[in-house]
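Top to bottom, those sequences are chains Z and X. Per my numbering, the first sequence starts with residue 9, numbered consecutively. Per my numbering, the second sequence starts with residue 1446, numbered consecutively.
Be a bit skeptical, because a hint or two may be false.
Stated by the list, open to error - Beta-carbon label-pair distances, calculated as ranges:
| hint | chain 1 | residue 1 | chain 2 | residue 2 | range |
| --- | --- | --- | --- | --- | --- |
| 1 | X | GLY1546 | Z | ASN59 | 22 to 30 Å |
| 2 | X | THR1471 | Z | GLY67 | 17 to 25 Å |
| 3 | X | PRO1462 | Z | VAL61 | 41 to 49 Å |
As the list claims (entries may be wrong) - Anything over 12 Å on all C-beta distances counts as not near chain Z; from chain X, calculated:
| hint | residue |
| --- | --- |
| 4 | THR1450 |
| 5 | SER1454 |
| 6 | MET1455 |
| 7 | GLU1459 |
| 8 | GLU1461 |
| 9 | GLY1474 |
| 10 | ALA1505 |
| 11 | SER1506 |
| 12 | ALA1510 |
| 13 | ASP1512 |
| 14 | ALA1523 |
| 15 | LEU1525 |
| 16 | ALA1552 |
| 17 | ASN1554 |
Read the hints as simulated data drawn from the structure, not as lab findings. Positions of the beta carbon are idealized from the N, C-alpha and C atoms, including for glycine.
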Amino acid sequence: DAGVIQSPRHEVTEMGQEVTLRCKPISGHNSLFWYRQTMMRGLELLIYFNNNVPIDDSGMPEDRFSAKMPNASFSTLKIQPSEPRDSAVYFCASSGGQGTFNSYNEQFFGPGTRLTVL
Amino acid sequence: DAKTTQPNSMESNEEEPVHLPCNHSTISGTDYIHWYRQLPSQGPEYVIHGLTSNVNNRMASLAIAEDRKSSTLILHRATLRDAAVYYCILNAGNNRKLIWGLGTSLAVNP
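Chain Z with its partners taken away, still in its complex shape (with noise of 0.2 Å):
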C-alpha cells in the first residue's frame, strides 16, 4: 500500500492567490482528517469526514478555507484568498476500515504539504 498521499509537497504562492492542497487516503478507510501544523499553535484538526460527509469542521479558521471529499479516494482542502498566517505545513491522515480497534482508530498521515505564503 503506498499509504496516504498529499500534493504538492511544497506550495508557495503570493498572497490573495487560491490554493488547493489534494489528498488520497489509504484505500479502504473510511475517514479522512487535514491537519494544519505550525510551530505556535502544534497540529490542529481543520476538518474531518466519514464516508465523504463532513463530520466536524469546527477547526476551520474562516470562510477562505473549505474542504471537499467527492469519493472515497480524493479530498482537496482550498484556500481562497491565501494570507501569510496560512503558511504552516498541512497533513492528511486517514483511518477506518473494519475489524480491530487499531483498523477503526489509527489514523496513519500523509508526508504533508508545507505552504508558505508571501
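Chain Z is already provided as a structure; the job is to place chain X on it using the hints.
For chain X alone, kept in the frame of chain Z given last:
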C-alpha cells in the same frame, strides 16, 4: 475530550531505556490512551494504545497506572531514530477525533 500533560522535552542516551510520562487526571472510563510520535519533517505515526492493562508491541510498551490518571511510554533501548516528538492523546473509542497537545520532544544522544 480530557486533557493530557507532558513534559516539553526529555533527553536520553542511545541504547538506554526511556520513560516518557503523561498525566491525564480527568480521564473518563471510556477514554483510550494513544501515543503517536512525529519524526523530523514527517507526519505523525501511531506508536501504541491501551485502555486499562499494560500493552507491548514491537515499538514500545505502555504502562498505565492503576487509577488510569497517568501513563508511561517506555522505549526499551533508545536509538538515534527514536528522536522525535511524542504525543499522548486521550480518545473515546467511538470518536475518531484526536485532540493533540504539544507533546514531548525527545533528544537521543549518541
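Here is how each hint holds up against the structure:
1. GLY1546(X) - ASN59(Z): 22 to 30 Å: Taking Cβ atoms as reference, GLY1546(X) and ASN59(Z) lie about 29 Å apart, which means the hint holds.
2. THR1471(X) - GLY67(Z): 17 to 25 Å: For GLY67(Z) against THR1471(X), whose Cβ atoms are near 22 Å apart, the range 17 to 25 Å holds.
3. PRO1462(X) - VAL61(Z): 41 to 49 Å: holds, 45 Å
4. THR1450: holds, 14 Å
5. SER1454: The claim holds: SER1454(X) sits with its nearest Cβ about 14 Å from chain Z, beyond 12 Å.
6. MET1455: holds, 17 Å
7. GLU1459: Check passes; 26 Å lies beyond 12 Å.
8. GLU1461: Its Cβ never comes within 12 Å of chain Z, the nearest being 28 Å, so this holds.
9. GLY1474: Nearest chain Z Cβ is 16 Å from GLY1474(X), so the label holds.
10. ALA1505: With a cut-off of 12 Å, ALA1505(X) remains clear of chain Z, as the shortest Cβ separation is near 14 Å.
11. SER1506: Nearest chain Z Cβ is 16 Å from SER1506(X), so the label holds.
12. ALA1510: Per Cβ check, ALA1510(X) is outside 12 Å of chain Z; nearest 21 Å; holds.
13. ASP1512: The assertion about ASP1512(X) holds, with a minimum of 22 Å to chain Z.
14. ALA1523: holds, 23 Å
15. LEU1525: holds, 21 Å
16. ALA1552: holds, 17 Å
17. ASN1554: At roughly 24 Å from the nearest Cβ of chain Z, ASN1554(X) sits farther out than 12 Å, so the non-interface label holds.
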